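A.B. asks: Read top to bottom, the protein sequences are chains A and B. The first sequence maps to residues 1 to 869 in the numbering used here. The second sequence maps to residues 1 to 118 in the numbering used here.
Take the hints with a grain of salt, since some may be wrong.
What follows is a list of derived Cβ distance ranges for each label pair [stated by the list, open to error]:
#1 A:Val619 / B:Arg16: 51 to 57 angstroms
#2 B:Arg58 / A:Pro439: 52 to 58 angstroms
#3 A:Gly363 / B:Arg58: 53 to 59 angstroms
#4 B:Asp98 / A:Glu729: 44 to 50 angstroms
#5 A:Arg174 / B:Asp98: 56 to 62 angstroms
#6 B:Ala95 / A:Ala480: 34 to 40 angstroms
Just so you have them, the derived chain A footprint on chain B, three or more residues with Cβ under 8 angstroms [unchecked claim]:
#7 22 to 28
#8 53 to 63
#9 75 to 87
Pulled from the structure, derived: some chain A residues nowhere near chain B, Cβ distances all over 10 angstroms [said to hold, decoys possible]:
#10 Met572
#11 Arg605
#12 Asp702
#13 Ala850
Honestly, the hints are just simulated from the structure, not real lab data. For clarity, every value in this text was computed on a predicted model and none was experimentally measured. By construction, the Cβ of each residue, glycine as well, lies at the ideal position given by its N, Cα and C atoms.
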Amino acid sequence: MTALEEPTHRTATDRDTRAELVVVGNGMSGARALEEILARGGDEMFAITVFGDEPYGNYNRILLSEVLANAAGQVVDNDDVDGDDEDELFLNPRAWYDDNGITLHAGVRVVRIDRHAKVVYGDDGSVTPYDTLVLATGSRSFFPPMDGMWASDTELTPGVFGFRSLDDATGMLRHVAGDAAMRSSTREDGKRSAVVIGGGLLGLEAAAGLQAHGLAVHVVHPTEVLMNQQLEAQASAVLRSKLEDMGMHMHLGVKTSEILLGDDGAVSGVRFTDGSTLGCDTVVVTAGIRPNIGLAVVSGLETQRAIVVDDRMRSVDDDDIFVVGECAQHRGEVYGVVGPLWEQAAVLADVVTGADPGAEYHGSRLATKLKVAGVDVAQMGVKSPERESDEFVQFSETGRGVYQTVVIRDGTLIGATLVGDISKAAALTQAFDSRSALPEERIRLLFDLGSADDGTSAADLPDDTQICNCNGVSKGDLVACVEGGAESVSACMAATRAGKGCGSCKGLVTEVVEAALGGEGAADPADSYYVPAIPMDKPTLMAEIRSRGLTSVSAVFEALAPDGKDHVGSKMGLTALLRMMWPDDVVDERDGRFINDRVHGNIQRDGTFSVVPRMSGGVTTPAQLRRIADVAEKHDIPMVKLTGGQRIDLLGVPKEKLQEVWADLDMPSGWAYGKSFRTVKTCVGTDFCRFGLGDSTQLGIDLEERYKGIEGPAKMKLGVSGCPRNCAESMVKDVGLVAIEGPRWQIYVGGAAGATVRQGEVLATVDSHDEALRLVGRFLQYYREHANWLERTYDFVPRMGLEYLKAVVVDDAEGLADGLDARMQEAVDAYADPWATDQRERTPGQFHDALPIIPLPQVPVRSSSGSPA
Amino acid sequence: MTASDGVVSDGVVSARLGPVEQIPVGEGRAFLVGDEPVAVFRPRSGGLYALRAICPHRGGPLADGLVDAEVVMCPLHNHQFRLASGECVSGGGVADVDAYTATEEDGELVVSLRSPSG
Ligand code: SRM
Ligand SMILES: Cc1cc2nc3c(=O)[nH]c(=O)nc-3n(C[C@H](O)[C@H](O)[C@H](O)COP(=O)(O)OP(=O)(O)OC[C@H]3O[C@@H](n4cnc5c(N)ncnc54)[C@H](O)[C@@H]3O)c2cc1C
Ligand code: SF4
Ligand code: FES
Chain A
1 MTALEEPTHR
11 TATDRDTRAE
21 LVVVGNGMSG
31 ARALEEILAR
41 GGDEMFAITV
51 FGDEPYGNYN
61 RILLSEVLAN
71 AAGQVVDNDD
81 VDGDDEDELF
91 LNPRAWYDDN
101 GITLHAGVRV
111 VRIDRHAKVV
121 YGDDGSVTPY
131 DTLVLATGSR
141 SFFPPMDGMW
151 ASDTELTPGV
161 FGFRSLDDAT
171 GMLRHVAGDA
181 AMRSSTREDG
191 KRSAVVIGGG
201 LLGLEAAAGL
211 QAHGLAVHVV
221 HPTEVLMNQQ
231 LEAQASAVLR
241 SKLEDMGMHM
251 HLGVKTSEIL
261 LGDDGAVSGV
271 RFTDGSTLGC
281 DTVVVTAGIR
291 PNIGLAVVSG
301 LETQRAIVVD
311 DRMRSVDDDD
321 IFVVGECAQH
331 RGEVYGVVGP
341 LWEQAAVLAD
351 VVTGADPGAE
361 YHGSRLATKL
371 KVAGVDVAQM
381 GVKSPERESD
391 EFVQFSETGR
401 GVYQTVVIRD
411 GTLIGATLVG
421 DISKAAALTQ
431 AFDSRSALPE
441 ERIRLLFDLG
451 SADDGTSAAD
461 LPDDTQICNC
471 NGVSKGDLVA
481 CVEGGAESVS
491 ACMAATRAGK
501 GCGSCKGLVT
511 EVVEAALGGE
521 GAADPADSYY
531 VPAIPMDKPT
541 LMAEIRSRGL
551 TSVSAVFEAL
561 APDGKDHVGS
571 KMGLTALLRM
581 MWPDDVVDER
591 DGRFINDRVH
601 GNIQRDGTFS
611 VVPRMSGGVT
621 TPAQLRRIAD
631 VAEKHDIPMV
641 KLTGGQRIDL
651 LGVPKEKLQE
661 VWADLDMPSG
671 WAYGKSFRTV
681 KTCVGTDFCR
691 FGLGDSTQLG
701 IDLEERYKGI
711 EGPAKMKLGV
721 SGCPRNCAES
731 MVKDVGLVAI
741 EGPRWQIYVG
751 GAAGATVRQG
761 EVLATVDSHD
771 EALRLVGRFL
781 QYYREHANWL
791 ERTYDFVPRM
801 GLEYLKAVVV
811 DDAEGLADGL
821 DARMQEAVDA
831 YADPWATDQR
841 ERTPGQFHDA
851 LPIIPLPQVP
861 VRSSSGSPA
Chain B
1 MTASDGVVSD
11 GVVSARLGPV
21 EQIPVGEGRA
31 FLVGDEPVAV
41 FRPRSGGLYA
51 LRAICPHRGG
61 PLADGLVDAE
71 VVMCPLHNHQ
81 FRLASGECVS
91 GGGVADVDAY
101 TATEEDGELV
111 VSLRSPSG
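Sequences and hints are given; from them, build the entire structure.
C.D. replies: The structure is reproduced here in structure tokens:
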């Protein structure tokens, strides 16, 4: 992919009158400098050539943490990563270079600059002339000298990795995935483990990524303070306890002295300076980075820690050589995050193109927003007070893993650190950058106290407030995007790349764009209505319905809609609410139901329906399977499919055949169509699994038998796993149970792995099966009564707050528990299987075909071999 | 579904389709009028409305949609069409659907493939 047709590159541009611009280093700053140069008309001034020693287009290095964390991410295989890939990872795919007339030599390393002849030499033997040269060679991982680190002069010991490049990340992924199977048979516990040397940002990211692949992860850090570059001791301690809660093992104040090798020459462990050892099969070295200055050194440019530049981003020795990014040292500073690089690239482009020959870079005030192993961290300025007179405001809530401080000197903000909750980061950055006046009550910097509308809303931020640090996008850029016609948050994100770095600013991007789209008064009171046609939130609406005794949808419209009229978009929500409120007395108006709920199947694209019978806990029998097979054959079911919810879906059943199919199946409905309790996914648990701690299969069956078909504001999907290996994916379920030693059950709530992915949080840990059943029911009932229409638990749980839910549901702080339990019991008692009760038509023509004359099914039918027949 | 061959008068096909009660109040049902699939609705607020039964968006079955006094909402992707005129009111560049005339004569449903303008 990197083959060069000709070693010397002058030919193509010989007759070109444009000057030659050569960029060495195709990382984040090199590419950004190019974009800035093009934006100033640089393609007319220069014939541009880029050298990058990585064999790709330009990618977003920040996302490597995500690449590593994504199990089975698409980027695992090198061969897939050619520059044509539209993957989000790539900022500029190879086609971008072609489109802009830029010659890219990907995979070619520049080894020397001849400053007199003004040419650069590539390691492919090429010689390329330049008029203007840009060095953007970035940094590389630093490997502290240590026995066992290297297999040869250039190769690390198998199992040892740095964490800097895409190849590092894919190499690690391959190592982790590769021979896992083999190892698990040789290691008794089947568990692999990794040691991460260096607990800075990169180390913690690597640790989180490896942990996501199921490795036991040990972080070794030479001081007691993790991420000591960004955080002071207390902030670091909060982060540390969060990471330990996630199961990471910390070895602080300890140094590694040697990497131990097994008989196969691969890593088998590490030795610490105190002589103790720790077994592992993966070592990641994140002990710091070093700017790539070798090229500058051999070419006679002034280097100290990095290549020394002036305020125009030129080497102090050579006006034709510009330097940008992590390899540049400006006024003694070398930066290691992207924010400053964007500013440098803009100045460089101004000077190189002559757009503003006097442009100067004066250094960056560092304000960093990071997501460290899933924990939000924002840091700016000083970490802690430095003088006696400095004011220091400190807030810590260790239970929630939140820690915040601000440092104020002479009335201006000179530093702030936020861990766990960075909602105030934008306002603080603003105060920090502009040195603006601060509120008398300093605590207001961290909290919105009292009155509803104080605090800085997105709409109030000045235009030059930086919103996305990763990609250098200001509020003004986003507003301009909306003014330029973008109509959605995602359109603005696509156009500006805001939110596409570490992602920590997505919430703020959304606020800014929504404010810009909505103009003034962006908060629409209608947002709080339970359904659009009735101007009331859910508690008010329920109180009205109860006090007036309204038991039908039409009665609710008549009594409570302002014009007394019915409204299509409000019917489903009201039907669900009334069925929840009056389990025995609701008036069944079929026209208030969505078609799925009228005929108890999920409508398909061609107007047919799916039939998914209940298989509690995903357990079936040979007889049941035989029956399903017979029914499928008898009715020519076009597709029989195993669902993601551990049961069997018969797809493509015409409406008028539904009753017959149900009768032949003689199985209860699985409610795959409703805003209701759906399935409980289980693992094999104690019955068969050699690791099982609790009988997950039985608990799953019992949960499903008890709460089957209970309707609510949105679907409820559960999972039960027999041990923390969590094979039933319980942590990403609305309610998930995981057996732990004891055996006890951890009850997770608010998880999701659909359009939104969220890890559930532990509501409670209980001792018995019965207690688990009861508490799940109580949580579900609370959710049914308090969640908005279509609000899944992944939104509901964070909205209510876990602590509050614990207080109400587990500790019964408000005395609601008995009532919740009783109302859930009523719902359970009122349950009737809809397939059985609707064997007789409920309304005329309930099962009549609604698309006459169109032959069914209309969707492609698959033969048993899997290809469309 | 009920089919009827339809009668042609003044160049317009129309058909008597049986008792109005075949359509539950607040819902719609599909019929064939000649060759034309027609969805007939009986909103709670009164009246009878007929639209071509096939959603112009992606062929969804309009007779299965939820209705209120003014519109029917297709069950597949929630586009909304005016019962009285077939006009698509949900945007997105979706075409209007043909509207026909539905009346009740002696308790019987009569649909003619004539636009209900008059
Ligand atoms: C059949 C099934 C796919 C399969 O073949 O595996 C399926 C099929 C549909 N899913 Fe699903 N989902 C199925 C499992 C899932 C899962 C996995 C699971 O349940 O463990 C998820 C992720 C978990 C979750 O619920 O978030 C899932 C997340 C969704 C979502 C996103 C929901 C969200 O709030 O993020 C939708 C869209 C929606 O509900 O608005 C959706 C919507 C749909 C709909 C109903 C499409 C629609 O809106 O009409 C599909 C109906 C097909 C049909 O006729 O049954 N389906 N869907 C799975 C049925 C499982 C079952 O046995 O009941
Ligand atoms: C895993 C990870 C996570 C990060 N997360 C964040 C974050 O959340 N926020 C943040 O602000 N920053 C983060 N960073 C730091 C950020 O990625 C860097 O600051 C940024 O990439 C530096 O850009 P650069 O262009 O100076 O160097 P690089 O992006 O490293 O680019 C330099 C390029 O030059 C090439 N090169 C070097 N020498 C030569 C040569 N002689 N010839 C040809 N090519 C050469 C290199 O191969 C490389 O491709 C992260 C970094 C990593 C590794
Ligand atoms: S993922 Fe999309 S296409 Fe697949 S079943 Fe779910 S909704 Fe349908
Ligand atoms: S088919 Fe009717 S809205 Fe899409």
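A.B. asks: Of all the hints given earlier, name the ones this structure violates by number, lowest first.
C.D. replies: 10, 11 and 13
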